[in-house]
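Could you put together the complete structure from these sequences and hints?
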Amino acid sequence: AQTVTQSQPEMSVQEAETVTLSCTYDTSESDYYLFWYKQPPSRQMILVIRQEAYKQQNATENRFSVNFQKAAKSFSLKISDSQLGDAAMYFCAYRTNFGNEKLTFGTGTRLTIIP
Amino acid sequence: SQTIHQWPATLVQPVGSPLSLECTVEGTSNPNLYWYRQAAGRGLQLLFYSVGIGQISSEVPQNLSASRPQDRQFILSSKKLLLSDSGFYLCACTGSAYDTQYFGPGTRLTVL
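As they're listed, the protein sequences go chains A and B.
If you read the first sequence in the numbering used here, its first letter stands for residue 54, the second for the next number, and so on.
If you read the second sequence in the numbering used here, its first letter stands for residue 111, the second for the next number, and so on.
Honestly, the hints are just simulated from the structure, not real lab data.
Incorrect hints may appear among the rest.
Which residues of chain A face chain B? A few of them, derived with a C-beta cut under 8 Å, are [unchecked claim]:
hint, residue
1, Glu70
2, Gln97
3, Lys108
4, Ser118
5, Leu156
6, Phe158
7, Gly159
8, Gly161
All values derive from a computational prediction rather than experimental measurement.
Positions of the beta carbon are idealized from the N, C-alpha and C atoms, including for glycine.
Right, dumping it as structure tokens:
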């Protein structure tokens with residue numbers, strides 16, 4: 054079974070600075086998707102960015118980018134120019150391409166933005 | 111793009127009472143639908159998923175059940191709630207490409 058590990062329970066960053074959140078995963082599959090979701094205090098899960106495993110190019114969405122290292126099974130999220138609205142729990146998730154295509158989540162990283 | 115509605119937003123129920131949570135989806139057809147539960151301070155756990163009307167698969171044995179009476183309606187039920195059923199319940203659906211899941215606003219359930 055796949056597992057997702059987020060080793061940083063909490064992170065903090067100064068406003069306007071850059072922060073990187075770590076995620077590693079374990080799988081024997083070669084074709085899958087990886088996601089970062091943001092959960093603000095409202096608790097709705099909001100998609101931040103996704104990466105297809107067969108694509109070597111790292112995904113980017115405005116201030117959010119990933120560093121996808123397939124061989125190392127690492128998928129970190131970089132947030133540039135951090136804003137107060139970025140404060141949230143961030144979850145890394147893995148999606149298999151087989152069976153029910155369910156998402157397997159990490160335990161999350163709580164990000165605090167320091168004004 | 112898809113929009114997911116969940117209700118109620120908040121629910122407080124006594125132990126042993128029944129439960130019905132509803133999820134409806136707009137803006138997409140034939141989505142895969144999912145029910146997740148999030149315990150306090152934890153990640154999400156998949157409870158049920160559905161690839162079509164009347165097709166339900168369970169991931170975790172428990173006293174909950176799910177039904178999909180219409181293409182874009184997904185219901186989570188219980189005949190008798192347990193204290194351990196407390197949590198935050200999220201409904202998710204796939205988009206047109208089926209490779210990404212989008213989440214609804216969630217229901218906070220407290221069982222007393």
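Against the structure, the hints come out as follows:
Evaluation of the glutamate 70/A hint against chain B yields a violated restraint, the C-beta minimum of about 26 Å exceeding 8 Å. Checking glutamine 97/A against chain B by beta carbon gives a least distance of about 5 Å; that is within 8 Å, so the hint holds. Interface restraint check for lysine 108/A: the shortest CB-CB distance to chain B comes to about 12 Å, outside 8 Å, so the restraint is violated. For serine 118/A, the suggested interface contact is broken, since its CB lies about 18 Å from the closest CB of chain B, more than 8 Å.
Annotation: leucine 156/A was flagged as interfacial toward chain B, and the flag holds, the nearest CB pair being 6 Å apart, inside 8 Å. Below 8 Å, beta-carbon pairs count as interface contacts, and phenylalanine 158/A has one with chain B at about 4 Å; its hint therefore holds. With its C-beta approaching chain B no nearer than about 6 Å, glycine 159/A sits inside the 8 Å limit, and its interface hint holds. Checking glycine 161/A against chain B: minimum C-beta separation of about 6 Å stays under 8 Å; hint holds.
Hint compliance for this structure: hints 1, 3 and 4 are broken, all remaining hints hold.
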